[in-house]
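Here the protein sequences line up with chains A and B, keeping their order. FYI, the numbering for the first sequence is 1 to 369, going by my numbering. FYI, the numbering for the second sequence is 1 to 581, going by my numbering.
Simulated from the structure, these hints should not be mistaken for laboratory data. Not one of these hints is a red herring.
When the alpha-carbon atoms are kept at most 25 Å apart in a straight line, the in silico SDA-like pairs for lysine to any residue are as follows:
hint, chain 1, residue 1, chain 2, residue 2
1, A, Lys312, A, Gly90
2, A, Lys83, B, Asn525
3, A, Lys312, A, Leu326
4, A, Lys186, B, Gln247
5, A, Lys265, B, Leu350
6, A, Lys268, A, Gly247
7, A, Lys92, B, Asp366
8, A, Lys92, B, Val375
9, A, Lys265, B, Thr347
10, A, Lys76, B, Lys344
11, A, Lys106, B, Asn525
12, A, Lys230, A, Asp187
13, A, Lys265, B, Phe342
14, A, Lys83, B, Asp366
15, A, Lys230, A, Leu176
16, A, Lys265, B, Lys344
17, A, Lys175, B, Ile159
18, A, Lys230, B, Val80
19, A, Lys92, B, Asn367
20, A, Lys139, A, Tyr95
21, A, Lys106, B, Thr527
22, A, Lys106, B, Thr524
23, A, Lys339, A, Phe218
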Amino acid sequence: MKRTMRSHSYRRRTFLGRIGAAMGATSGLARKLAPMYALAAGATTSARAAAATTGADVTKAKSEGNVMLYTSLDTKIVDAIIKPFQEQYGIKVQYYRGGSADVSSKVLAEAAARRIQADIVDASDVGAFLAMKRLGILKPYDSPAAKDVAADLRDPDNMWVADRLTQAVMQWNTKLVGSAPPQHWKDLSDPRFAGKLAFFSSTNGDGGPRLYTLALAFGWELLESYAANKPLRVATPQLVSQLLESGERAAAFCTNDNIAWRSKKLGKPTDYGFPSEGVPTELGAVGLLKDAQHPNAAMLFYDWWMGETGQKLLVDGGKYSSRSDLAPPSGNPPLKNLKLLVLDYAKYQAQRPQLLERLTRIFGGEWGA
Amino acid sequence: MRAAAHVGRAGIATGDVEASSVARDAIRAATLGVAVAAFLLFVGYPLCWLVLGAVGLPAEFSPHSLVRAFTRPENLGALVNTALLAVGVGLLGVVLGVPVAWATARTDLPLRNVFHALVGLAYILPPYLTSVAYIILLGPNAGYLNRAIASMGIHGSPIDIFSAAGVTFVIAMHVYAIPYFLTYGALQSVDPSLEESARMLGARRWTMLRRITLPLVAPAITGGALLAAINSMALFGPQAFLGLPAQIVYLPTRIYGALGGYPPRFADASALSIVLVLVTVIGLSVQRRYLGRRSFVTVGGRGARPARHALGALRWPLALVFLVVVASSSIAPLAVLVAAAFSKVWTEPLTPDNLTLSNFVAALADNQIAARGVVNSFELAIAAATLAVTIGLAIAYLDLRSQLRGRRLLDYLAILPLGLPGTVLAVALLQAFVRFPVPIYGTIWILLIAYVARSMPIAVRGANAAVRQVDVSLEEAARVAGASWLTTIRRILWPIARSNLMLAWLLVFIPALGELSATILLYTNGTETISVAIFRLSDLGQLEVVAALSTVLIVVILLATLLTQWLAAGGQRTTSDATSI
Numbered sequence: 001m002k003r004t005m006r007s008h009s010y011r012r013r014t015f016l017g018r019i020g021a022a023m024g025a026t027s028g029l030a031r032k033l034a035p036m037y038a039l040a041a042g043a044t045t046s047a048r049a050a051a052a053t054t055g056a057d058v059t060k061a062k063s064e065g066n067v068m069l070y071t072s073l074d075t076k077i078v079d080a081i082i083k084p085f086q087e088q089y090g091i092k093v094q095y096y097r098g099g100s101a102d103v104s105s106k107v108l109a110e111a112a113a114r115r116i117q118a119d120i121v122d123a124s125d126v127g128a129f130l131a132m133k134r135l136g137i138l139k140p141y142d143s144p145a146a147k148d149v150a151a152d153l154r155d156p157d158n159m160w161v162a163d164r165l166t167q168a169v170m171q172w173n174t175k176l177v178g179s180a181p182p183q184h185w186k187d188l189s190d191p192r193f194a195g196k197l198a199f200f201s202s203t204n205g206d207g208g209p210r211l212y213t214l215a216l217a218f219g220w221e222l223l224e225s226y227a228a229n230k231p232l233r234v235a236t237p238q239l240v241s242q243l244l245e246s247g248e249r250a251a252a253f254c255t256n257d258n259i260a261w262r263s264k265k266l267g268k269p270t271d272y273g274f275p276s277e278g279v280p281t282e283l284g285a286v287g288l289l290k291d292a293q294h295p296n297a298a299m300l301f302y303d304w305w306m307g308e309t310g311q312k313l314l315v316d317g318g319k320y321s322s323r324s325d326l327a328p329p330s331g332n333p334p335l336k337n338l339k340l341l342v343l344d345y346a347k348y349q350a351q352r353p354q355l356l357e358r359l360t361r362i363f364g365g366e367w368g369a
Numbered sequence: 001m002r003a004a005a006h007v008g009r010a011g012i013a014t015g016d017v018e019a020s021s022v023a024r025d026a027i028r029a030a031t032l033g034v035a036v037a038a039f040l041l042f043v044g045y046p047l048c049w050l051v052l053g054a055v056g057l058p059a060e061f062s063p064h065s066l067v068r069a070f071t072r073p074e075n076l077g078a079l080v081n082t083a084l085l086a087v088g089v090g091l092l093g094v095v096l097g098v099p100v101a102w103a104t105a106r107t108d109l110p111l112r113n114v115f116h117a118l119v120g121l122a123y124i125l126p127p128y129l130t131s132v133a134y135i136i137l138l139g140p141n142a143g144y145l146n147r148a149i150a151s152m153g154i155h156g157s158p159i160d161i162f163s164a165a166g167v168t169f170v171i172a173m174h175v176y177a178i179p180y181f182l183t184y185g186a187l188q189s190v191d192p193s194l195e196e197s198a199r200m201l202g203a204r205r206w207t208m209l210r211r212i213t214l215p216l217v218a219p220a221i222t223g224g225a226l227l228a229a230i231n232s233m234a235l236f237g238p239q240a241f242l243g244l245p246a247q248i249v250y251l252p253t254r255i256y257g258a259l260g261g262y263p264p265r266f267a268d269a270s271a272l273s274i275v276l277v278l279v280t281v282i283g284l285s286v287q288r289r290y291l292g293r294r295s296f297v298t299v300g301g302r303g304a305r306p307a308r309h310a311l312g313a314l315r316w317p318l319a320l321v322f323l324v325v326v327a328s329s330s331i332a333p334l335a336v337l338v339a340a341a342f343s344k345v346w347t348e349p350l351t352p353d354n355l356t357l358s359n360f361v362a363a364l365a366d367n368q369i370a371a372r373g374v375v376n377s378f379e380l381a382i383a384a385a386t387l388a389v390t391i392g393l394a395i396a397y398l399d400l401r402s403q404l405r406g407r408r409l410l411d412y413l414a415i416l417p418l419g420l421p422g423t424v425l426a427v428a429l430l431q432a433f434v435r436f437p438v439p440i441y442g443t444i445w446i447l448l449i450a451y452v453a454r455s456m457p458i459a460v461r462g463a464n465a466a467v468r469q470v471d472v473s474l475e476e477a478a479r480v481a482g483a484s485w486l487t488t489i490r491r492i493l494w495p496i497a498r499s500n501l502m503l504a505w506l507l508v509f510i511p512a513l514g515e516l517s518a519t520i521l522l523y524t525n526g527t528e529t530i531s532v533a534i535f536r537l538s539d540l541g542q543l544e545v546v547a548a549l550s551t552v553l554i555v556v557i558l559l560a561t562l563l564t565q566w567l568a569a570g571g572q573r574t575t576s577d578a579t580s581i
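Next up, chain B with everything else stripped away, as it sits in the complex:
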């Protein structure tokens, strides 16, 4: 491993240190090596099978599907729809997420913690459930809003959620949390001395925001917009729930169509996914070029938080505007689902006559798959998040701290799963692991691999952001002082990067708990997840039971989130002394 060759750039060493550095290099090389090997097996190997599948292998070699993927008018239409969706969601995500992030991170906005929690809630809600909720809220004829508008004498269903705009809106209401959290994190890490200097030099608030703060957090904003945009292209749930009824087709829907029938058209699906992968790579290189022009080290090892701006008279009006945005993305869909969960008939108002607990009994006691699903989803999400963040940390570390050739390639590879709808990743995994010597196909392990592979982009980006926060000089100082590699990781990297790593863990854990699109093709009897149970019941039109199960899922996720935050906060206190070795 070449990584091992480059250790301790500050190699001003005595004989003793040199002797121990051999062992230290071995540990480092082995740790990173195992992580990279796991990553290549989980992402690289299935991707190879996807490419082979696109050219018709292993049956026969033929460029037919690949050519068709780029030439058929139906595919072109789907590509245009998908690109418009991505751009729309990216822009809308920034418009919705960044102002709220700035307000909660850097101003004296009231209810900041509430806003922060509600954005988290919006991201927690599985997007297929948000879609169902928005059909109830904004359905053209039966939706609450249109019925209210009609009751005022305006007819013709002015708001139609079954449209391209509806899909963009509902997905943006889910993924704006990504630019929000990344921007929020970056804003909190901004070195206050920079702003203080600007202020002392006489800069006004807006000038400072425009010239100092925004450029400092620009990588987080563009990174967030890009992640939101790419994420939107792969979110099959809303595209299916809201796009398909209106006959609007996106690339994932076309891929799903190619796979759903028999015989499944693996070659067509693989070829279409390669189109998605290409779009992803283009997006990523744009972001890299943009990021390359700036320096992002914003933390110099000091824990000081920047001062909050006083909003003055704008405090409450701004809070109200943000509350509408944030509540529409979280409370509103959640309330609709919870109301349905306690209703005998979800279309009727929640009167005492209509109240019932039987949906929860049906969901948890009568339905074996649902009960098993809760357990499976939990185990899978915890294992996947831990594994993904560990691998992500190794890749980020290699990218930022080593001169290893190919480390950039690892980083590119890690972002690719974002361009793979879960369905396609599942097909890649199926093709890859059906022929694998160890029995993984048809077991719970293939789900774990799918979850880890799917979450690599977020895990690697998150770990990357975390490692970037740590100035390399701190680690070099520790090494000069004789600390081993593991000690340096534990005492320097971990304390500074921990909150970002915890965030990355959560950002993997939460979607994994509700993952549907890959699971649906990979699960088998005994390995059902909560999302499978929800999907199957939803297919059967049992919306009240679906809502009950969704409520349980959301409550569980909320508890897990609070627990993690509590742990993170507790850890912060006990190890804060350790940051100064």
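For reference, chain A alone in the conformation it holds in the complex:
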């Protein structure tokens, strides 16, 4: 990872820059368009600032009456964001909630059947958005509400914009690890964690990207030492939290920061940490469907979702917002204080089958390879 990051970091210095570099590398076209995009963005900045908080036709949106959201976000956060929107506009928000891979494959399946039912899609899976863009099923939208998202965190053609960042952290049961909680990734290699570790990945290998990021940064031996401790593997970070809260396992690697945050906030006997040597980061993104049945309501809701109210509610649920003007979740460090390890999605997609097979060899089990 170090080598990968160095090769990109000459272009942009911020962590966002590294993400952008990874994004840009996904297509030669995007790289060529980047300077043009920068120009266009500069030209429209003043116009955008003057525009209303939505680019949608509110009357038309209201007459559509409904909007269909597909999301992988925790339902508690989704419910919180939807409620004031419904009250303000009288537009009913229906949603399908599943894991990132569920959301992506449902949209792609509907697209294949030419029966798109989603109006707007949100998933913590930039790879899927790249695939959707390639298939031409997304609708470009330069949302005024997304202007506070750094240019590096959005598609140059405005097909999608990042809405949140999820960090892979260490989490542990405070009663079981006692006075010496793990601080660094290598601490979990210790034999004292034999039979006491947990991590997550569903059968399609959705835990793969972060493990790959970790391996590139700190060596595959790190993952092999985890495997030697026979970690228990569940499908979601929520279930990792459950294992730790019940005391079934003592510590977990690469779980989601917001889930660990919530567990601690609810007073469960857990705590978590962002290792100073670096934490893998994953982008969530949102986009509009080209064949949406409620196009105006979808735009209006998109603006709400990305707007200050929506994103603040997201932060209240423990997520880091992609908006540069919003504070981190309470008690969490600002992103600039963390060393974020960013995955080169294009590289990952290209090597995915081999990498998943490697993870299968290391951990055993099903990785969708």
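Given chain A, work out where chain B should sit, using these hints.
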């Protein structure tokens, strides 16, 4: 329809009867024809798409996936794990189910009705919920049992539910109900005169059990073991909940892995499911060969129940042993779930401080999907059970009462969905109905089709067992006496076969109410089921709310079961006179 050509083998007819037999044949042909057509559309047509998918169609023809399915070491490992699971569950299912069935059906064991109900409860509990409960009970570190063992000073987590043995155990604790119920039904139908003759000839109890009773019910036992074994291979829930954390992979898990990502690898998944289908067909032919050597007509139209054996001094000790088995499969997981449903924190003991009703409010009032799911699941399960048993009855009737060519093939086809994990059946249906002229994809109808298709094996086996109970001579007698086909069905077949058909209906209805693995790929906004709501909440780690919803589901199923039993018992009384025309 060739079935129509063969009507009334006892055709000693006068002119009048012959005239009406034309109309009667038309009704029979039309009824059976519609049922068979529906069956072929629900099972045959999607299976065609599964086979086409395995060779890469409609995109391009390629044997690549099919070859890989049989040659990759990962697939071979999964196949071996799956086969071991099936054998283990089949054996364990018989070991657990048959003795209890014999004791409740044929002895003076105390609490027989309780045992019977508890086995039913074990089958009612959706296996993914049983798995969750057993993690709480037998988890290596936090599980109640291991904590108790550790508190006695023995460390090292001796019992690990996250293992191949754990998966086998938890699945067997669910599906042993199948050999139990089939054996129980058969034992109750045994012609008492056979045992009486043996007794009069001086046979001792064990000799009689071994030489008379067991051979008579052997088809039910092997059939039950086979159904349990095949069922176990397709039960994705426990395989995922208990196998995956320990990195143990089964064929359905591999298929799920192939489908879960994007682009979904339909060809790989289809090819792997064909491996499962092959295993199923082999199992079925073994059972058929075995059954073919025996006669299974055990009811001669008389309603007499065989006498119960006195267990004597063994009465209570046996009851205690059986109680441990039966309670571990039903009460224990249920108690864990109910306790969690009323807990603020499920890991803490159920003290007054920890008690709450808020999980039920969260499950039923705050969660729109859950409320809608309860309604949808109910409608779907009732419709699916009725449709499946009707189609099953038609297929069983054709198999046993006609000379129609291809009737065996129908029977084989009907058993195939057992070898299809719900996930795979869903993919077959998706591929089939995306291209269908009538809009079924993305509606509640595709769920109904999935449920009916999934339950065909149980519906057909159940109907088959029911029809086999009726000696063909009774129907022939009715026909000779001039009764129409429908009258014969209504007055002869139905009264005798009814309790078995009701059982088949229940055996379809109950799993349909909690069906998850196919639903999860086929539902859409507005057609969520209770299982979808449970799965989604479980994914989000809200175990207390999941437990509350599960409790509601289980209570509803229990009420439905009691209602059905009450109806069946009531019907028995009112129509018992009708059995003698």
